[in-house]
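Q: The primary structure of each chain is shown beneath.
Number of protein chains: 6
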Amino acid sequence: MRPSGRTPDALREIRLTREFTRYAEGSVLVEFGHTRVLCNATVETGVPRWLRGKNQGWVTAEYGMLPRATHSRSGREAARGKQGGRTLEIQRLIGRSLRAAVDLKKLGEFTITVDCDVLQADGGTRTASITGGCVALMEAIRHMQRKRQIKSDPFKQLISSVSVGIYKGTPVLDLDYDEDSRADTDLNVVMAEDGGLIEVQGTAEQAAFSRLELNAMLDLAEKGGRELFTHQREALGIPQ
Amino acid sequence: MRPSGRTPDALREIRLTREFTRYAEGSVLVEFGHTRVLCNATVETGVPRWLRGKNQGWVTAEYGMLPRATHSRSGREAARGKQGGRTLEIQRLIGRSLRAAVDLKKLGEFTITVDCDVLQADGGTRTASITGGCVALMEAIRHMQRKRQIKSDPFKQLISSVSVGIYKGTPVLDLDYDEDSRADTDLNVVMAEDGGLIEVQGTAEQAAFSRLELNAMLDLAEKGGRELFTHQREALGIPQ
Amino acid sequence: MRPSGRTPDALREIRLTREFTRYAEGSVLVEFGHTRVLCNATVETGVPRWLRGKNQGWVTAEYGMLPRATHSRSGREAARGKQGGRTLEIQRLIGRSLRAAVDLKKLGEFTITVDCDVLQADGGTRTASITGGCVALMEAIRHMQRKRQIKSDPFKQLISSVSVGIYKGTPVLDLDYDEDSRADTDLNVVMAEDGGLIEVQGTAEQAAFSRLELNAMLDLAEKGGRELFTHQREALGIPQ
Amino acid sequence: MRPSGRTPDALREIRLTREFTRYAEGSVLVEFGHTRVLCNATVETGVPRWLRGKNQGWVTAEYGMLPRATHSRSGREAARGKQGGRTLEIQRLIGRSLRAAVDLKKLGEFTITVDCDVLQADGGTRTASITGGCVALMEAIRHMQRKRQIKSDPFKQLISSVSVGIYKGTPVLDLDYDEDSRADTDLNVVMAEDGGLIEVQGTAEQAAFSRLELNAMLDLAEKGGRELFTHQREALGIPQ
Amino acid sequence: MRPSGRTPDALREIRLTREFTRYAEGSVLVEFGHTRVLCNATVETGVPRWLRGKNQGWVTAEYGMLPRATHSRSGREAARGKQGGRTLEIQRLIGRSLRAAVDLKKLGEFTITVDCDVLQADGGTRTASITGGCVALMEAIRHMQRKRQIKSDPFKQLISSVSVGIYKGTPVLDLDYDEDSRADTDLNVVMAEDGGLIEVQGTAEQAAFSRLELNAMLDLAEKGGRELFTHQREALGIPQ
Amino acid sequence: MRPSGRTPDALREIRLTREFTRYAEGSVLVEFGHTRVLCNATVETGVPRWLRGKNQGWVTAEYGMLPRATHSRSGREAARGKQGGRTLEIQRLIGRSLRAAVDLKKLGEFTITVDCDVLQADGGTRTASITGGCVALMEAIRHMQRKRQIKSDPFKQLISSVSVGIYKGTPVLDLDYDEDSRADTDLNVVMAEDGGLIEVQGTAEQAAFSRLELNAMLDLAEKGGRELFTHQREALGIPQ
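Chains as they are written, first to last, in the UniProt record's numbering: chain Z, 1 to 240; chain G, 1 to 240; chain D, 1 to 240; chain F, 1 to 240; chain C, 1 to 240; chain V, 1 to 240.
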């Protein structure tokens with residue numbers, strides 16, 4: 001029934017490729033099916049002005065899409081002279097989510113910026129960015145530890161994200177573009193390993209959704225999240 | 001227990017003042033306690049370029065905050081040369097929510113823009129904007145009907161919005177700034193009169209939240225929503 | 001003869017409402033008839049970079065108009081990405097005028113910013129902004145005195161402003177939009193209580209004006225100014 | 001008494017050099033002493049969008065200052081990414097003033113843009129721009145007549161402009177930078193040949209000015225204006 | 001002697017991977033050693049405004065660098081609100097070069113935009129962009145031919161580009177970042193298959209270069225160009 | 001054969017007028033025939049942030065064109081809100097070229113900015129800017145020496161620049177607009193007095209050029225350069 005032939009509770013093929021580029025302290029290519037996002041984590045000394053002297057670090061994210069990541073070309077934001085509302089909304093979500101993975105006090109006065117650049121977009125770029133960005137962030141923290149920039153371990157927990165929706169009346173997991181553009185409802189869920197919810201963003205594009213449907217979608221998201229954590233631990237070499 | 005002395009399930013005092021300004025087709029001052037937002041709905045002929053010839057109308061929103069709506073002055077976005085990420089995120093949310101109130105096909109080739117300008121901010125500016133903006137939108141549609149710009153009735157349903165959160169371990173309704181800045185979790189809910197959910201946006205600022213907590217918050221939001229619909233109907237002179 | 005039925009030398013109804021918002025150190029809603037401007041004065045420690053170390057304070061103003069303050073909606077400057085020429089011209093005028101009310105040396109190294117945001121525009125928004133802004137400024141200085149941020153009194157004199165023009169051949173006081181858009185000449189006058197002129201800005205939109213007409217307009221402005229000072233003193237509780 | 005040794009009612013040396021550049025339809029280098037402004041008038045077919053179909057033309061102006069026109073270098077506005085408030089204020093004044101020289105109905109659907117670029121600034125750049133810009137505008141209209149783009153004569157009258165001020169208690173004509181930066185009051189006057197006033201912009205930078213002082217300044221401006229009209233007529237070869 | 005151990009006339013390892021992304025009409029990942037650029041060619045109907053009605057097509061390019069393509073992170077141009085001078089200079093060069101590969105008359109009223117986004121930068125990003133961009137352009141034209149959007153063949157010739165420089169007194173081919181940042185002279189050469197020069201851009205960063213040195217560098221560039229054409233033909237399946 | 005009647009190896013009439021404006025530390029009007037550029041060099045204490053503490057100075061350039069420097073009016077970059085790609089490309093070239101004239105170590109912690117503003121453009125504005133800018137730069141250094149801001153002499157060598165091209169099959173020197181817009185190839189050459197090449201930028205606008213043609217153009221450029229150095233030395237009063 002799904003355009004891709006997947007069962008309602010099936011993720012797309014997930015791949016997390018570490019060290020995709022050479023220079024970033026953490027570099028991960030994350031793929032959710034045809035959606036491909038390059039997540040590069042950069043460690044810099046110091047914190048933004050408004051955090052100075054508070055004896056803590058900062059984690060933030062930026063998001064971009066290559067002009068031809070999509071079916072038709074969209075204008076380059078650098079050329080248009082500003083980041084669009086969708087871009088800002090997504091990078092704020094990624095940043096908030098990744099901060100939940102880290103104890104900023106233990107990070108010390110460093111800033112980690114996770115750049116999520118979409119090379120190819122087939123739906124779910126924000127959830128892939130969070131899932132892959134968390135691995136890149138972990139890599140960057142390990143890099144800091146190897147360099148002895150920090151002594152304690154600021155990493156609190158893995159964070160993953162997946163979309164769920166109501167497609168032709170059925171709750172489905174990890175929507176691709178074909179489904180996303182026709183779904184009645186779209187819910188992006190960010191989870192912690194212990195099952196806690198970090199972010200829930202649901203939008204009824206066509207018709208309002210009920211509490212029952214919300215719960216069905218959250219059940220699916222939990223299942224997807226468990227699988228994503230397995231992929232993340234595998235990529236990071238953490239015992240399951 | 002709440003700084004304001006309210007019980008956990010109590011809204012702040014809600015006021016909806018119609019015809020607050022003279023020129024807009026719909027003009028409503030909405031107050032959620034000390035939060036005051038001026039919602040002006042403007043009717044213009046025509047639709048955005050990408051909708052032309054599709055035989056439908058458009059509803060959109062813009063959001064702004066006066067520089068001294070808050071405890072300390074924030075820079076004027078017009079002077080800084082761009083709208084911030086928070087502003088864009090909020091106005092996209094308001095626009096999506098208000099479109100759920102209207103049958104765009106029946107609206108015909110008109111655009112209704114709802115400007116939500118915050119005169120005073122004490123938490124919940126986006127939920128007040130949606131709740132008041134829906135009344136301004138309804139007013140504007142009535143104006144179009146009086147002017148015979150449209151024959152059919154494009155208004156589908158009332159939409160309201162309220163925030164809920166976990167404050168010191170307890171789910172509370174309609175957070176003011178004091179609570180919002182210290183809450184563990186903050187959830188903005190947009191509802192339809194029939195109980196359907198239009199938008200759910202939850203963020204765990206301090207600690208992840210559980211499915212149980214989510215459900216408790218949604219229960220509170222439903223109660224708050226029912227009261228807000230009563231206020232809206234009263235303001236609009238619709239029999240309860 | 002005037003569209004409003006006023007005599008040539010009559011002001012519109014003037015209202016100055018203090019404490020219109022809660023957070024600003026000075027907050028005044030000024031109304032010249034249907035023209036309504038919210039003037040919020042903010043006190044901040046420090047001065048602009050180019051004044052540092054000069055042992056003086058600074059007073060400045062910003063001006064904005066809500067998109068639907070006018071008969072038809074005008075684009076939001078924050079969304080367009082810059083303040084227009086008219087806006088900049090007006091806020092420079094307001095700032096210069098208000099500085100004439102204050103002894104910057106006695107103010108000490110503080111900056112007072114007066115935000116003038118037009119909620120509803122029916123002509124004369126800049127003169128209302130100056131007249132109301134001066135009251136908000138005075139309030140902010142009183143606030144500083146109560147907080148013991150300053151010891152001496154930097155307030156020099158009240159400043160008010162009114163427009164005059166030649167409408168259908170007759171000099172008239174305090175033009176509303178109907179008159180303003182059809183007047184041959186428009187003159188904005190900023191005055192001190194002792195009768196001194198702070199600013200005079202006259203524009204012949206249709207036909208040049210003579211020295212005789214200029215003097216007739218200035219006579220009217222003096223009369224209007226005297227009445228405005230009475231309103232300001234009343235609002236501030238200063239004995240007449 | 002004046003730093004330049006001039007008598008209070010003396011203009012600086014005025015020069016108007018036509019055909020200063022080759023390509024503009026009207027090109028005038030205007031000099032008020034050391035102040036030098038290049039005024040280029042461009043004729044283009046068509047009018048701005050909001051004037052289309054109204055069967056009239058348009059005259060507008062743009063103003064700029066070369067970065068090192070002044071004693072110390074000021075940043076290039078093109079590099080900073082926007083025109084400052086002072087620039088916009090001045091070019092709006094120049095445009096309004098020049099429109100008073102032309103019958104826009106008789107101009108037909110053409111736009112004349114007068115670019116006023118300051119090569120060297122020693123006070124009075126806006127008054128020099130208006131005075132020189134009017135000559136460039138007249139040249140451009142003659143060019144249109146030679147090219148038979150228009151049949152009737154849209155030129156109504158010469159417009160000139162000069163500054164006056166109160167310097168050390170004495171009214172003086174045509175302030176240079178030394179005087180302008182220390183004057184109590186500065187008044188820019190735009191006049192028509194018949195003695196009518198087009199614009200009057202007076203600012204009390206240090207102390208308010210009286211009606212008496214205003215009249216003394218306007219007397220001086222009239223004298224200066226008469227001399228400027230003689231210079232303009234001479235430059236244009238119009239019999240005195 | 002070269003940091004990489006290469007002989008002076010050796011290119012880095014060159015790879016051209018077609019169909020790197022799914023949606024672009026031409027998509028090539030080009031690698032010059034560690035420098036990796038994704039070149040996506042997009043075909044769109046129509047031409048820029050200034051070319052309309054001239055019965056020809058257009059080829060243009062845009063260039064960007066991911067923030068962490070380099071050793072340290074550089075700010076995102078979309079966030080800074082404009083493309084820098086280096087970016088604009090490079091994308092203008094790429095566009096001019098690629099236009100030399102195509103007969104714009106035969107292309108018909110289509111625009112091909114080649115986006116060159118640097119995933120990893122180790123020197124020579126502009127020469128890699130031109131070399132890879134030409135292959136993507138050829139792919140896009142083949143796509144148009146398969147879709148029967150054009151009948152004739154607008155492809156004129158292959159274009160390739162390589163840098164040469166004087167490094168520690170010796171002319172070397174295809175500088176990597178280590179060499180480039182310490183070279184006395186840097187020359188970027190764009191060539192056609194028949195040996196003709198399309199662009200030559202030489203800069204003496206440290207010391208002027210002689211005609212003799214220029215000729216030695218051009219000899220190297222010719223050798224490098226011949227090898228690049230072989231790589232391009234191989235990637236495109238064109239018999240050598 | 002050339003539109004101007006010049007022989008292929010003839011420069012246009014070259015003029016270098018010193019002290020064209022009063023305030024700049026170095027001010028030169030350079031004319032290559034009808035091309036006229038005002039080059040003003042400004043000396044400021046300090047260096048850009050990224051050079052601080054490196055015990056050296058900086059030389060940079062900015063370039064602009066007055067809107068009506070050309071046959072038809074082009075939009076003012078300050079009004080459009082950004083400098084175009086061509087402008088940035090040219091000012092980067094001028095800056096790099098002028099830095100080759102100076103020993104930045106000997107300059108000390110000063111920045112010299114050379115503003116090149118085109119008053120009239122008839123081809124070759126960038127080469128005129130470099131040639132005149134070098135004289136203004138030399139003047140500014142002399143000014144610093146007179147003021148005893150520096151003791152040693154940071155001036156290394158004169159730099160000049162000229163364009164060459166292939167026009168109707170013949171190599172020609174110093175192209176004017178008529179030739180430039182129709183030339184097959186255009187080469188801008190920046191030279192040092194000792195014959196060394198600082199920059200070579202060749203573009204085949206219509207047809208690729210051969211090594212033979214490149215050498216013929218460079219021969220012409222050398223001849224032109226020798227004549228330009230003579231003009232520069234004459235302007236600066238340096239014995240030939």
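Worth double-checking, as some hints may not be accurate.
Copies of the same chain look alike in the list, so a pair counts if it works inside one copy or between any two.
[Unchecked claim] Once the Cα atoms are required to be at most 20 Å apart in a straight line, the calculated DMTMM-like pairs of lysine to aspartate or glutamate come out as: (1) Lys-106 <-> Glu-205; (2) Lys-156 <-> Asp-184; (3) Lys-151 <-> Asp-184; (4) Lys-168 <-> Asp-180; (5) Lys-106 <-> Asp-178; (6) Lys-105 <-> Asp-184; (7) Lys-151 <-> Glu-19; (8) Lys-151 <-> Glu-234; (9) Lys-147 <-> Glu-13; (10) Lys-54 <-> Glu-205; (11) Lys-105 <-> Glu-205; (12) Lys-223 <-> Asp-9; (13) Lys-156 <-> Glu-31; (14) Lys-54 <-> Glu-222; (15) Lys-106 <-> Glu-19; (16) Lys-54 <-> Glu-89.
Because the hints were derived from the structure by calculation, they are not lab data.
Q: Does each hint fit the structure? Answer for all of them.
A: Each hint, compared with the structure:
When the C-alpha separation of Lys-106 and Glu-205 is checked against a cutoff of 20 Å, the pair qualifies only between copies, where the shortest distance is 18 Å, while the shortest distance within a copy is 41 Å. Taking identical chains as interchangeable, the C-alpha atoms of Lys-156 and Asp-184 lie at most 20 Å apart only when they sit on different chains, with a minimum of 17 Å there against 35 Å within one chain. With identical chains, the CA atoms of Lys-151 and Asp-184 are never at most 20 Å apart, being 48 Å at best within one copy and 28 Å at best between copies. When the C-alpha separation of Lys-168 and Asp-180 is checked against a cutoff of 20 Å, the pair qualifies only within one copy, where the shortest distance is 11 Å, while the shortest distance between copies is 37 Å.
Taking CA atoms no more than 20 Å apart as the test, Lys-106 paired with Asp-178 passes in neither setting, with 43 Å inside one copy and 27 Å between copies. Within a single copy, Lys-105 and Asp-184 get their C-alpha atoms only as close as 41 Å, which misses the 20 Å cut-off; across copies the closest is 18 Å, which meets it. With identical chains, the CA atoms of Lys-151 and Glu-19 are never at most 20 Å apart, being 23 Å at best within one copy and 45 Å at best between copies. In this assembly of identical chains, Lys-151 and Glu-234 lie within 20 Å of each other by CA distance neither inside one copy nor across copies; the values are 25 Å within and 52 Å between.
In this homomeric assembly, Lys-147 and Glu-13 never come within 20 Å of each other (Cα to Cα): the closest approach is 34 Å inside a single copy and 31 Å across copies. Taking the shortest Cα distances, Lys-54 and Glu-205 sit within 20 Å of each other only across copies (18 Å), while inside one copy they are farther apart (42 Å). Taking the shortest alpha-carbon separations for Lys-105 and Glu-205, only the inter-copy value of 15 Å comes in at or below 20 Å, while the best intra-copy value is 39 Å. With identical chains, the CA atoms of Lys-223 and Asp-9 are at most 20 Å apart within one copy only, with a shortest distance of 8 Å there and 33 Å across copies.
In this homomeric assembly, Lys-156 and Glu-31 never come within 20 Å of each other (Cα to Cα): the closest approach is 24 Å inside a single copy and 38 Å across copies. When the C-alpha separation of Lys-54 and Glu-222 is checked against a cutoff of 20 Å, the pair qualifies neither within a copy, at 36 Å, nor between copies, at 40 Å. Within a single copy, Lys-106 and Glu-19 get their C-alpha atoms no closer than 25 Å, and across copies no closer than 44 Å, so neither meets the 20 Å cut-off. With identical chains, the CA atoms of Lys-54 and Glu-89 are never at most 20 Å apart, being 27 Å at best within one copy and 28 Å at best between copies.
When the structure is compared with the earlier hints, violations turn up for hints 3, 5, 7, 8, 9, 13, 14, 15 and 16 and for no others.
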